[in-house]
Amino acid sequence: SQKIEQNSEALNIQEGKTATLTCNYTNYSPAYLQWYRQDPGRGPVFLLLIRENEKEKRKERLKVTFDTTLKQSLFHITASQPADSATYLCALRSGAGSYQLTFGKGTKLSVIP
Amino acid sequence: DSGVTQTPKHLITATGQRVTLRCSPRSGDLSVYWYQQSLDQGLQFLIQYYNGEERAKGNILERFSAQQFPDLHSELNLSSLELGDSALYFCASSVRTSGVSNEQFFGPGTRLTVL
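One line per chain: the protein sequences are A and B, in this order.
Count along the first sequence from 1, then add 52; that gives the number in our numbering.
Count along the second sequence from 1, then add 139; that gives the number in our numbering.
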């Protein structure tokens with residue numbers, strides 16, 4: 053069956069360091085993968101999308117990689133700040149014909165000052 | 140602010156009851172998605188509507204139903220409520236059902252507590 057795993061439930065890092073979050077999937081052939089940020093009690097907020105033919109995507113301090121051979125995406129936050137503390141979710145859609153977004157359970161990132 | 144509104148913000152009810160959650164999508168968005176988020180299950184897709192028609196169904200229970208009205212707002216009806224239905228319910232909207240990337244814009248959610 054299809055599965056999305058975000059390896060760490062929680063990740064603590066020191067302010068200024070680079071946070072790296074992992075999303076692995078099985079039994080999917082995703083056309084693209086999305087990353088969302090969710091703060092406690094609030095709805096997820098879209099951050100970045102990367103397509104299957106893209107290796108890397110950047111937006112300000114964020115970087116996402118996508119390896120369809122390894123079936124893995126890495127999400128990096130450089131020069132992390134306490135304000136980056138949140139839960140980060142990866143989400144997959146299988147392709148143009150599939151309308152569902154399936155989310156991983158998320159990684160809770162805490163950036164310690 | 141995503142532009143998606145949901146009412147009510149909180150709902151407390153008893154087992155066996157029926158409730159209706161309401162969602163207004165962003166202006167211009169034709170697709171509405173409903174999700175359930177509980178601590179142990181994460182964010183689970185329930186159902187999607189596009190311009191008034193059902194387009195995709197996830198793990199939605201038979202006790203739950205939804206519709207999208209001509210003005211594009213949507214309602215999620217939950218009936219014969221059980222304790223396990225206590226969760227955050229999110230609505231999201233996007234412009235199109237498919238094709239190019241469709242990031243979804245989430246509302247603030249409705250927290251349902253079933254006692």
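Rather than coming from a laboratory, the hints here were simulated on the basis of the structure.
A couple of the hints might just be wrong.
Pulled a few chain A residues facing chain B out of the computed Cβ check, cut under 10 Å [what the hints assert, rightly or not]:
hint, residue
1, Gln86
2, Leu101
3, Leu114
4, Gln133
5, Pro134
To give an idea of the interface, some chain A residues facing chain B are shown, with a C-beta separation under 7 Å as derived from the structure [stated by the list, open to error]:
hint, residue
6, Tyr80
7, Pro92
8, Ala138
9, Gln152
10, Phe155
11, Lys157
Beta carbons are placed, not taken as given, at the ideal position from N, Cα and C, and that holds for glycine.
Here's how the hints hold up against the structure:
no., hint, verdict
1, Gln86, "6 Å, holds"
2, Leu101, "5 Å, holds"
3, Leu114, "14 Å, violated"
4, Gln133, "22 Å, violated"
5, Pro134, "23 Å, violated"
6, Tyr80, "14 Å, violated"
7, Pro92, "10 Å, violated"
8, Ala138, "14 Å, violated"
9, Gln152, "5 Å, holds"
10, Phe155, "4 Å, holds"
11, Lys157, "4 Å, holds"
In this structure, the hints that do not hold are numbers 3, 4, 5, 6, 7, 8, in rising order.
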